[in-house]
Amino acid sequence: MNLEALCKEAGLSFYDDELTSENGRKIYRIYVQKEGGVNLDDCARLSEILSPIFDVEPPVSGEYFLEVSSCGLERKLSKIEHFAKSINELVKITTSEKEKIEAKIIAVDDENITLENLETQEKTTINFSDIRKAKTFIQW
Numbered sequence: 001m002n003l004e005a006l007c008k009e010a011g012l013s014f015y016d017d018e019l020t021s022e023n024g025r026k027i028y029r030i031y032v033q034k035e036g037g038v039n040l041d042d043c044a045r046l047s048e049i050l051s052p053i054f055d056v057e058p059p060v061s062g063e064y065f066l067e068v069s070s071c072g073l074e075r076k077l078s079k080i081e082h083f084a085k086s087i088n089e090l091v092k093i094t095t096s097e098k099e100k101i102e103a104k105i106i107a108v109d110d111e112n113i114t115l116e117n118l119e120t121q122e123k124t125t126i127n128f129s130d131i132r133k134a135k136t137f138i139q140w
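In UniProt numbering, the protein residues as written are 1 to 140.
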């Protein structure tokens, strides 16, 4: 099953998916994006496209709940593509050595992310494999 193609059919761009458990319930969550923002009708339309397909080809074993959601303004960055789509956005990164970084993403290539320190404007490059956790954030 090609989630990217199915999302495109609904006028959306696939961002990520995850399997999680909340209150003892297994939830298969699909995150999507769209130029101008994702609304409830967009999520419902994709859910209507996916539900009959998932009835035949479940994405996970056992009983689960399907959720379709916008990835949000503050979103998890887990793939190099996520960083590439987030150039000029602010990010909080935890490295594999547990260093915490808050910076602006200014460039991305196949393996590295170039960041600009918010206070000093100093530029630094970090290898994608050295990132343990990353999330965009909004500065109010």
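It is worth saying that the hints were derived from the structure and are not from the lab. Be aware that one or more of the hints could be misleading.
Unchecked claim - Using 16 Å as the maximum straight-line C-alpha spacing, the simulated EDC-like pairs for lysine to aspartate or glutamate come out as follows:
(1) Lys92 <-> Asp110
(2) Lys133 <-> Glu81
(3) Lys76 <-> Glu102
(4) Lys135 <-> Glu89
(5) Lys76 <-> Glu119
(6) Lys104 <-> Asp55
(7) Lys79 <-> Glu4
(8) Lys135 <-> Asp41
(9) Lys34 <-> Asp110
(10) Lys104 <-> Glu89
(11) Lys76 <-> Asp16
(12) Lys135 <-> Glu122
(13) Lys85 <-> Glu22
(14) Lys92 <-> Asp41
(15) Lys133 <-> Glu74
(16) Lys92 <-> Glu119
(17) Lys79 <-> Glu119
(18) Lys8 <-> Glu22
(19) Lys79 <-> Asp110
(20) Lys34 <-> Glu4
(21) Lys100 <-> Asp130
(22) Lys100 <-> Glu81
(23) Lys85 <-> Glu111
(24) Lys92 <-> Glu116
(25) Lys8 <-> Asp41
(26) Lys34 <-> Asp16
(27) Lys76 <-> Glu63
These numbers were taken from a predicted model, which means no experiment stands behind them.
Hints broken by the structure, by number, lowest first? 1, 5, 6, 8, 9, 12, 13, 14, 17, 18, 22 and 27
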